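A.B. asks: If you want the building blocks of each chain, they are given just below.
Protein chains: 2
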Amino acid sequence: LLKKSEFIALDAASTLSGVRQRFSIPDGVIYMNGNSLGAMPKSVGDSLSAFVEKEWGQDLIRSWNVNGWYVLASQLGEQVSRLIGAAPDEVIFSDSTSVNLYKLVVTALNIKSQRKKIITDTDNFPTDLYILEGVAKSFGRGIEIEVVDRKDVIDCIDRDTALLTLTQANYRTSELYDLQEVSKAAHRQGALVLWDLSHSCGAMPIDLNGANVDLATGCGYKYLNGGPGAPAFLYVAKRWQEQIDQPLTGWMGHKAPFAMSADYVPAEGITQMLTGTPPIASAICLREGLSVFDGISLTDVRAASMEMGKLFIELTDDLCRDYPLSLVSPVDGERRGSHIALRHENAYALMQELIANGVIGDFRAADIMRFAFTPLYLRYIDVWHAVAVLRTILETESWNKPEYATRAAVT
Amino acid sequence: LLKKSEFIALDAASTLSGVRQRFSIPDGVIYMNGNSLGAMPKSVGDSLSAFVEKEWGQDLIRSWNVNGWYVLASQLGEQVSRLIGAAPDEVIFSDSTSVNLYKLVVTALNIKSQRKKIITDTDNFPTDLYILEGVAKSFGRGIEIEVVDRKDVIDCIDRDTALLTLTQANYRTSELYDLQEVSKAAHRQGALVLWDLSHSCGAMPIDLNGANVDLATGCGYKYLNGGPGAPAFLYVAKRWQEQIDQPLTGWMGHKAPFAMSADYVPAEGITQMLTGTPPIASAICLREGLSVFDGISLTDVRAASMEMGKLFIELTDDLCRDYPLSLVSPVDGERRGSHIALRHENAYALMQELIANGVIGDFRAADIMRFAFTPLYLRYIDVWHAVAVLRTILETESWNKPEYATRAAVT
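Taken in order, these protein sequences are the chains called A and B.
The opening residue of the first sequence carries number 20 in the working numbering; numbering runs sequentially from there.
The opening residue of the second sequence carries number 20 in the working numbering; numbering runs sequentially from there.
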């Protein structure tokens with residue numbers, strides 16, 4: 020078991036230790052919730068000031084051209100493309116993950132128009148499941164959604180499967196799918212595969228092209244540090260772009276939006292996945308989030324995150340062994356994403372007390388605490404402190420407070 | 020014809036003259052493009068600073084609760100409700116106008132499930148037409164879109180019409196539909212009516228409840244001054260809320276988003292129209308845009324705008340009578356929205372030269388210049404100056420420059 024001084028030494032030796040300076044981290048806070056809302060890059064302040072003082076405030080409508088608002092969606096797509104192993108013209112930012120899922124699922128059904136089945140797993144992120152329900156309900160071709168256990172996913176894919184759609188890193192347990200292997204299994208049956216990368220993009224190297232992935236989307240505000248409600252990205256492999264046929268055909272996806280023609284003619288390539296006017300202030304925050312990755316290797320980020328997770332598990336096993344805490348996530352770092360979930364019957368109260376003591380993770384119903392390991396701004400010593408605080412809370416039972424008896428709306 | 024001094028006197032006498040102080044208007048600029056992107060309320064600066072320094076930067080994930088991010092969508096809905104004659108629980112902000120149109124059109128088709136026809140007019144805003152195409156294509160029930168001439172709209176509504184959808188103020192000509200009369204005509208045939216208020220909300224009093232309107236949406240970044248790509252609102256009349264059945268069923272529209280249940284159970288009322296996580300930085304800008312309307316009467320705004328438009332037409336008629344400029348908008352202020360369109364075969368070059376001389380309107384293909392009259396920040400004297408500049412440009416033919424020969428992408 021490492022000693023406190025050894026955690027400090029790990030920080031000193033880390034190739035990423037300088038990166039934390041690029042983020043705003045409040046004093047006294049150990050922020051372990053980057054899987055839900057990434058911390059704020061300091062450059063957001065200057066960028067939003069420029070937005071206020073120059074772009075919107077002075078240049079007004081001209082900013083669409085002179086300050087690049089008009090090309091932000093594709094510029095952001097280019098920025099993220101190297102983080103997910105895609106070509107720059109295969110990715111664009113638009114809307115929310117939920118809306119993008121709808122566009123991509125319908126696109127897949129239109130490409131595989133002879134097939135009726137969509138397969139996903141029971142523990143997919145809820146909005147993914149809800150959007151599939153929405154597609155099945157509104158898309159009039161007798162589409163069936165099969166929601167199956169994780170272990171049965173591959174066996175369920177058959178010649179009637181149009182699409183397999185999964186989230187790479189489970190939002191609750193953190194368990195990872197093997198992107199390459201599962202994509203291959205879908206392709207063997209002639210099905211398309213759509214990955215939701217919300218809980219993995221920005222946290223680890225992803226190689227969409229290498230795994231021959233057809234379609235993907237992912238959240239801008241978790242590991243990409245794009246700010247609350249940042250736009251989400253859409254990826255469509257080059258080979259399918261000629262066959263895109265998506266239903267939310269708004270003017271930003273038109274070949275010539277300002278020709279104001281009455282008929283919809285899709286733009287070339289990935290641009291036709293756009294719908295309405297993008298929220299520029301939020302897109303500017305996202306640009307800063309993505310810029311943090313300039314010069315950074317996701318291999319380093321991933322290695323540090325796995326190491327932090329391993330140390331967290333070891334320390335918790337040791338310091339908290341007398342308490343009914345259990346590990347929900349895989350022990351093997353290669354098999355989990357960048358957060359770790361612990362189960363405790365009083366998880367809600369425990370997490371409230373952790374937050375009150377400066378350790379910010381989050382709670383997921385019914386009994387799970389999540390802790391994210393984001394080496395861009397989390398230090399090894401933070402991991403040590405977090406477990407020490409957890410231990411004290413368990414020992415003193417300080418979580419047992421009447422105000423924690425009722426659950427608030429927590430995101 | 021009023022003299023320059025009389026324009027100054029009109030400003031001095033205006034009940035709205037103090038409101039301009041709440042906006043950032045660059046020196047030397049006469050901003051007549053509020054129909055495309057509203058000017059920036061100065062309070063946006065402080066609000067975004069608070070977002071950076073406190074909300075995201077310090078409170079991080081906790082801001083969803085402690086800084087009200089979670090309730091912003093409905094809070095903004097309440098703010099706009101009084102501007103459009105709706106009850107606070109009939110309106111919510113979400114996504115873009117385009118995405119909202121999709122949700123509302125499908126909702127209408129589900130309510131009127133025995134009917135197959137949607138009627139709109141040929142000169143509707145392009146994204147409205149494109150979204151209708153998208154619905155018809157993806158909604159598998161043989162839906163027919165009838166795109167008819169403005170004058171034929173009412174006659175075309177029949178017992179097979181599920182929905183009539185129109186934009187209240189024409190984006191090009193500014194011509195207004197009579198909201199009440201046209202809604203009544205749709206209802207006589209048992210059809211629903213969906214209004215796009217993008218080019219009218221915030222510019223004039225609108226009474227959705229008074230006109231018994233079923234569904235509506237509208238843009239946040241034009242007359243509502245919510246900033247580029249601000250979220251758009253959705254209105255569903257109380258009487259239809261029990262029957263909402265919309266396809267973009269994301270987690271924010273779920274009855275209990277954080278219960279993370281596998282099945283979609285819609286939230287009560289208008290909240291079920293939400294889909295994904297809202298872009299908070301952009302929503303904060305919009306909140307400031309809507310706050311400007313506190314204590315302001317839209318009747319006053321409308322009266323001043325009509326008067327400015329009347330003076331603009333009179334001055335143009337007089338000063339520019341020797342040039343081939345024609346009025347596209349109705350002369351009668353009651354029949355037009357808050358912008359005026361002029362036709363000139365060199366409209367693009369003329370508008371570029373106007374902008375170069377500090378008069379910012381915009382160009383719409385093929386030959387239209389648009390000028391918006393937004394008395395919250397536009398002064399009567401600005402109208403006088405704008406026409407004087409236009410006259411000089413026409414007289415000196417300074418618009419006839421090689422660099423204006425090619426059209427840039429202008430929004």
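These are calculated hints, taken from the structure and not from any lab test.
Careful: at least some of the hints might be erroneous.
When chains are identical, the list treats them as one kind, so a pair holds in a single copy or across two.
As the list claims (entries may be wrong) - Derived DSBU-like pairs: lysine-lysine, alpha-carbon spacing no greater than 30 Å straight-line:
| # | residue 1 | residue 2 |
| --- | --- | --- |
| 1 | LYS420 | LYS274 |
| 2 | LYS73 | LYS420 |
| 3 | LYS61 | LYS420 |
| 4 | LYS61 | LYS274 |
| 5 | LYS203 | LYS22 |
| 6 | LYS274 | LYS131 |
| 7 | LYS156 | LYS73 |
| 8 | LYS61 | LYS73 |
| 9 | LYS274 | LYS329 |
| 10 | LYS135 | LYS203 |
| 11 | LYS257 | LYS73 |
| 12 | LYS22 | LYS257 |
The structure presented is a predicted model; accordingly, all values stated were derived computationally and were not measured.
A.B. asks: 30 Å Cα cut-off: does LYS135 pair with LYS203 within a copy, between copies, both or neither?
C.D. replies: Within. Shortest intra-copy distance 20 Å satisfies the 30 Å Cα cut-off; inter-copy 42 Å does not.
A.B. asks: I want to check one pair: LYS61 and LYS420. Are their C-alpha atoms no more than 30 Å apart within a copy, between two copies, both, or neither?
C.D. replies: Intra 36 Å, inter 44 Å, cutoff 30 Å: neither.
A.B. asks: Between the shortest in-copy and the shortest cross-copy C-alpha distance, which are at most 30 Å for LYS73 and LYS420: within, between, both, or neither?
C.D. replies: between (49 Å within a copy, 28 Å between copies)
A.B. asks: 30 Å Cα cut-off: does LYS156 pair with LYS73 within a copy, between copies, both or neither?
C.D. replies: neither (46 Å within a copy, 42 Å between copies)
A.B. asks: 30 Å Cα cut-off: does LYS203 pair with LYS22 within a copy, between copies, both or neither?
C.D. replies: neither (44 Å within a copy, 77 Å between copies)
A.B. asks: At most 30 Å between alpha carbons: which applies to LYS61 and LYS73, within, between, both or neither?
C.D. replies: both (19 Å within a copy, 12 Å between copies)
A.B. asks: If the cut is 30 Å between Cα atoms, do LYS274 and LYS131 qualify within a copy, between copies, both or neither?
C.D. replies: within (25 Å within a copy, 33 Å between copies)
A.B. asks: Within, between, both or neither: how does the pair LYS22, LYS257 come out at a Cα-Cα threshold of 30 Å?
C.D. replies: For LYS22 and LYS257, the Cα distance exceeds 30 Å both inside one copy (50 Å) and across copies (62 Å).
A.B. asks: Is it within, between, both or neither when you check LYS274 against LYS329 at 30 Å Cα-Cα?
C.D. replies: neither (50 Å within a copy, 37 Å between copies)
A.B. asks: For LYS257 vs LYS73, is the C-alpha pair at or below 30 Å within one copy, between two copies, both, or neither?
C.D. replies: Neither: 37 Å inside a chain and 42 Å across chains, both beyond 30 Å.
A.B. asks: Please work out whether the CA atoms of LYS61 and LYS274 approach to 30 Å or closer within one copy, between two copies, in both situations, or in neither?
C.D. replies: neither (36 Å within a copy, 36 Å between copies)
A.B. asks: Should LYS420 paired with LYS274 be assigned to within, between, both, or neither, using CA atoms and 30 Å as the limit?
C.D. replies: Close across copies (28 Å), not inside one copy (59 Å); limit 30 Å.
Of the hints listed earlier, those the structure fails to meet are numbers 3, 4, 5, 7, 9, 11, 12, in rising order.
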